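Let chain A serve as the given structure and place chain B on it in line with the hints.
There are 2 protein chains.
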Amino acid sequence: MTVTAPKGFRASGVTAGLKTSGNPDLALVVNDGPDHYAAAVFTSNRVEAAPVTWSRIVVGDGRVDAVVLNSGGANACTGPQGFADTHRTAELVADALGIASGDLAVCSTGLIGELLPVDKIESAVPQLVSAVTPDGGEDAARAIMTTDTVPKQAVVQRASWSVGGMAKGAGMLAPALATMLVVVTTDAVVDQSELDGVLRTATATTFDRIDSDGCQSTNDTVLLLASGASGVRPSQEDLIAAVTEVCGSLARQLIADAEGAHHEVAIEVRTAASESDALTVARAIARNNLFKCAIFGNDPNWGRIVAAVGTTDAVFEPQRLDVNVNGVQVCRGCGVGDDRSLVDLSEREVHVVVDLHAGDASATVWTNDLTHDYVHENSAYST
Amino acid sequence: MTVTAPKGFRASGVTAGLKTSGNPDLALVVNDGPDHYAAAVFTSNRVEAAPVTWSRIVVGDGRVDAVVLNSGGANACTGPQGFADTHRTAELVADALGIASGDLAVCSTGLIGELLPVDKIESAVPQLVSAVTPDGGEDAARAIMTTDTVPKQAVVQRASWSVGGMAKGAGMLAPALATMLVVVTTDAVVDQSELDGVLRTATATTFDRIDSDGCQSTNDTVLLLASGASGVRPSQEDLIAAVTEVCGSLARQLIADAEGAHHEVAIEVRTAASESDALTVARAIARNNLFKCAIFGNDPNWGRIVAAVGTTDAVFEPQRLDVNVNGVQVCRGCGVGDDRSLVDLSEREVHVVVDLHAGDASATVWTNDLTHDYVHENSAYST
Numbered sequence: 006m007t008v009t010a011p012k013g014f015r016a017s018g019v020t021a022g023l024k025t026s027g028n029p030d031l032a033l034v035v036n037d038g039p040d041h042y043a044a045a046v047f048t049s050n051r052v053e054a055a056p057v058t059w060s061r062i063v064v065g066d067g068r069v070d071a072v073v074l075n076s077g078g079a080n081a082c083t084g085p086q087g088f089a090d091t092h093r094t095a096e097l098v099a100d101a102l103g104i105a106s107g108d109l110a111v112c113s114t115g116l117i118g119e120l121l122p123v124d125k126i127e128s129a130v131p132q133l134v135s136a137v138t139p140d141g142g143e144d145a146a147r148a149i150m151t152t153d154t155v156p157k158q159a160v161v162q163r164a165s166w167s168v169g170g171m172a173k174g175a176g177m178l179a180p181a182l183a184t185m186l187v188v189v190t191t192d193a194v195v196d197q198s199e200l201d202g203v204l205r206t207a208t209a210t211t212f213d214r215i216d217s218d219g220c221q222s223t224n225d226t227v228l229l230l231a232s233g234a235s236g237v238r239p240s241q242e243d244l245i246a247a248v249t250e251v252c253g254s255l256a257r258q259l260i261a262d263a264e265g266a267h268h269e270v271a272i273e274v275r276t277a278a279s280e281s282d283a284l285t286v287a288r289a290i291a292r293n294n295l296f297k298c299a300i301f302g303n304d305p306n307w308g309r310i311v312a313a314v315g316t317t318d319a320v321f322e323p324q325r326l327d328v329n330v331n332g333v334q335v336c337r338g339c340g341v342g343d344d345r346s347l348v349d350l351s352e353r354e355v356h357v358v359v360d361l362h363a364g365d366a367s368a369t370v371w372t373n374d375l376t377h378d379y380v381h382e383n384s385a386y387s388t
Numbered sequence: 006m007t008v009t010a011p012k013g014f015r016a017s018g019v020t021a022g023l024k025t026s027g028n029p030d031l032a033l034v035v036n037d038g039p040d041h042y043a044a045a046v047f048t049s050n051r052v053e054a055a056p057v058t059w060s061r062i063v064v065g066d067g068r069v070d071a072v073v074l075n076s077g078g079a080n081a082c083t084g085p086q087g088f089a090d091t092h093r094t095a096e097l098v099a100d101a102l103g104i105a106s107g108d109l110a111v112c113s114t115g116l117i118g119e120l121l122p123v124d125k126i127e128s129a130v131p132q133l134v135s136a137v138t139p140d141g142g143e144d145a146a147r148a149i150m151t152t153d154t155v156p157k158q159a160v161v162q163r164a165s166w167s168v169g170g171m172a173k174g175a176g177m178l179a180p181a182l183a184t185m186l187v188v189v190t191t192d193a194v195v196d197q198s199e200l201d202g203v204l205r206t207a208t209a210t211t212f213d214r215i216d217s218d219g220c221q222s223t224n225d226t227v228l229l230l231a232s233g234a235s236g237v238r239p240s241q242e243d244l245i246a247a248v249t250e251v252c253g254s255l256a257r258q259l260i261a262d263a264e265g266a267h268h269e270v271a272i273e274v275r276t277a278a279s280e281s282d283a284l285t286v287a288r289a290i291a292r293n294n295l296f297k298c299a300i301f302g303n304d305p306n307w308g309r310i311v312a313a314v315g316t317t318d319a320v321f322e323p324q325r326l327d328v329n330v331n332g333v334q335v336c337r338g339c340g341v342g343d344d345r346s347l348v349d350l351s352e353r354e355v356h357v358v359v360d361l362h363a364g365d366a367s368a369t370v371w372t373n374d375l376t377h378d379y380v381h382e383n384s385a386y387s388t
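Each protein sequence line maps, in turn, to chains A and B. Quick note: to get the numbering used here, add 5 to the position in the first sequence (first position is 1). Quick note: to get the numbering used here, add 5 to the position in the second sequence (first position is 1).
I should point out that these hints are in silico values taken from the structure, not numbers from a laboratory. Nothing here was measured: the structure is a model prediction, and the numbers come from that model. There's no promise every hint is true.
[To be verified] Which bits of chain B does chain A cover? Going by a derived footprint, with three or more residues having C-beta under 8 Å, they are: (1) 77-83; (2) 139-153; (3) 259-272; (4) 290-301; (5) 350-361.
[Stated by the list, open to error] Only some residues are given here: those of chain A computed to face chain B with a beta carbon under 7 Å: (6) T25; (7) G27; (8) N28; (9) V52; (10) C220; (11) V237; (12) S240; (13) Q241; (14) G302; (15) G308; (16) V311; (17) A312; (18) V320; (19) G340; (20) V341; (21) H377.
[What the hints assert, rightly or not] Label-pair ranges, simulated between beta-carbon atoms: (22) B/A89 <-> A/E322: 15 to 21 Å; (23) B/E280 <-> A/A385: 54 to 60 Å; (24) B/S26 <-> A/A209: 47 to 53 Å; (25) A/S240 <-> B/S346: 56 to 62 Å; (26) A/S281 <-> B/S279: 26 to 32 Å.
Just so you know, even glycine gets a beta-carbon here, dropped at the ideal spot from N, CA and C.
So here's chain A without its partners, still in its complex pose:
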């Protein structure tokens, strides 16, 4: 169960022929209400794709009736024609649904710098719209996959309301955000005015804390749609908790399926002077290619970790740095600690803990190792 787990939502996924593989590449999520509230977080990349520009406008009034998503092409860096193509896609789908195109969000993912074959989308719209069902969530989740090897879905079920979600993303994972398209749905009754805060609170500690390869995309979009169909109004606290749980699950699924990754690495920075410092240090480590190669080689090369810490402006005294890898205190006081050969890195999940000894704040960022497979996938992707 996925985006269609909450009441009031239908979805579909079909093959429009945008992907050369012939796999499904066009998805639709429809909010049947009674509410049609929406909030969104978009990439902070200044080079934003046409569908991001379009969807920013659509979400501006807080109402979204449906979202159409395609894989097989990012429609980024495609100029005025690209925006016209997004607009046309929205009109085609909106007409078929009998809604206003200004209430239809559009998401695209795939190669940057190629125009979308909108004629193929046009041909597929009747099938896409006729296929929407309350069970279509998984079809939609499959249709947005690019180099993902598995669809990403999550559901949190409360007594009489729920939150569901789907995500795609396997490379260009970096805050904020990752190269991801995410749709989160809920049938909770919620005021339109509080939805944006709920989503931003949830993404701040989930999608914004994964960094697979340091590369920020042009298309990232996280949409939260609320139908109110359960008739139940949870407290804001409960809603935030449920949306955060769904976003957290999807974020971990993205890291677990990141392109070519052999390890998922949690970098926990503790005893920092501030949460901001802890994040700065964790991200510096997460983006250090030498560290990421060492993890691929099952090598607890903590020198590369402290060298990365040393490039930041966080508050710490270098000679007090401690580093623990999978439970072994390999670096103590910025010097040689316990025997590094005691560290077992054979499992997929790795935990790195860095103590700055500068305060009480902490933060965790998830990343991946840098592998032959990452290089292979990303040197061959567009050709």
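Chain B in isolation, oriented as in the chain A frame:
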């Protein structure tokens, strides 16, 4: 010819047994004067190795009589014992040379977080000191190699004075500085007070503009030693030009021999509002793993270039960005330009030109592609 090309310098390189390979690993450069002026630029990494801490103090008074350099161990993150080991190394070599240890700089390179076997250095010092000759530059250049495949040397010969240099560095190449040890020598007569400015001017546009893998080391050191032995005093302008030429040659040699690289990539950012903006944009591209993988795959994936540009705060309007790869204008106005299949990336050297259309400033940063060989070397390096 190398650091011993200028008059007044002798050098040597021997095998102390610090490297398991049995290759030379201990080098010495001696300045016989009559002047013993020196300037230095060190890593800005806050986690600095013991020899960096030591050499900062030595260079503090502007006088350096000799420099001893070892490969086979960085002596970084080795605590008080590491500093004592550097001190001991300096005393052993200074005693053998009959100079004060406070006038002897020390440089180390290799794995971080391991103590140096100073007993092996002690045993090798008599041989090291007795081997110094006016022809020993190449031996010294070979003894500082780590994963370098070739020694890096450069000489600029003027009418009656010269500048020579040697460098090592093959990974962790990032400003400022790269993982590099560099010794530059000159027999020009120069005031001690102007030497620091000469070196900083030269490094700012050479070593500070190469970024192989975004990783900044704990040991980077660039030393400039002036003997005055030519008896000729060039203008400051001429001296800066010659030192910059030597540093530029060494910097390009570092990029050409970077770990696992298949391409050397010049990223030229033009029509920027400021040189700082141009550098910011060039560095963002140089650190983008997806772009670096694409170059490895001979794929002119300009979407990854504009996506990297979009992450910066430089002044530009996204819709005006132009990108040229090896002479083909693949992106025009942030949209599809000429056919990307016209780009030939089969040669080792690649030129990327980005136009921001925001002013008259420009800057070029050199980087490498991200390859299977890079991942291989850096996942297996310390084990």
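Now the hints, each set against the structure:
no., hint, in the structure
1, 77-83, "holds (count 4)"
2, 139-153, "violated (count 0)"
3, 259-272, "violated (count 0)"
4, 290-301, "holds (count 7)"
5, 350-361, "violated (count 0)"
6, T25, "violated (16 Å)"
7, G27, "violated (23 Å)"
8, N28, "violated (21 Å)"
9, V52, "holds (3 Å)"
10, C220, "holds (5 Å)"
11, V237, "violated (41 Å)"
12, S240, "violated (37 Å)"
13, Q241, "violated (33 Å)"
14, G302, "holds (3 Å)"
15, G308, "holds (3 Å)"
16, V311, "holds (5 Å)"
17, A312, "holds (5 Å)"
18, V320, "violated (11 Å)"
19, G340, "holds (3 Å)"
20, V341, "holds (6 Å)"
21, H377, "holds (5 Å)"
22, B/A89 <-> A/E322: 15 to 21 Å, "holds (20 Å)"
23, B/E280 <-> A/A385: 54 to 60 Å, "violated (36 Å)"
24, B/S26 <-> A/A209: 47 to 53 Å, "holds (49 Å)"
25, A/S240 <-> B/S346: 56 to 62 Å, "holds (57 Å)"
26, A/S281 <-> B/S279: 26 to 32 Å, "holds (27 Å)"
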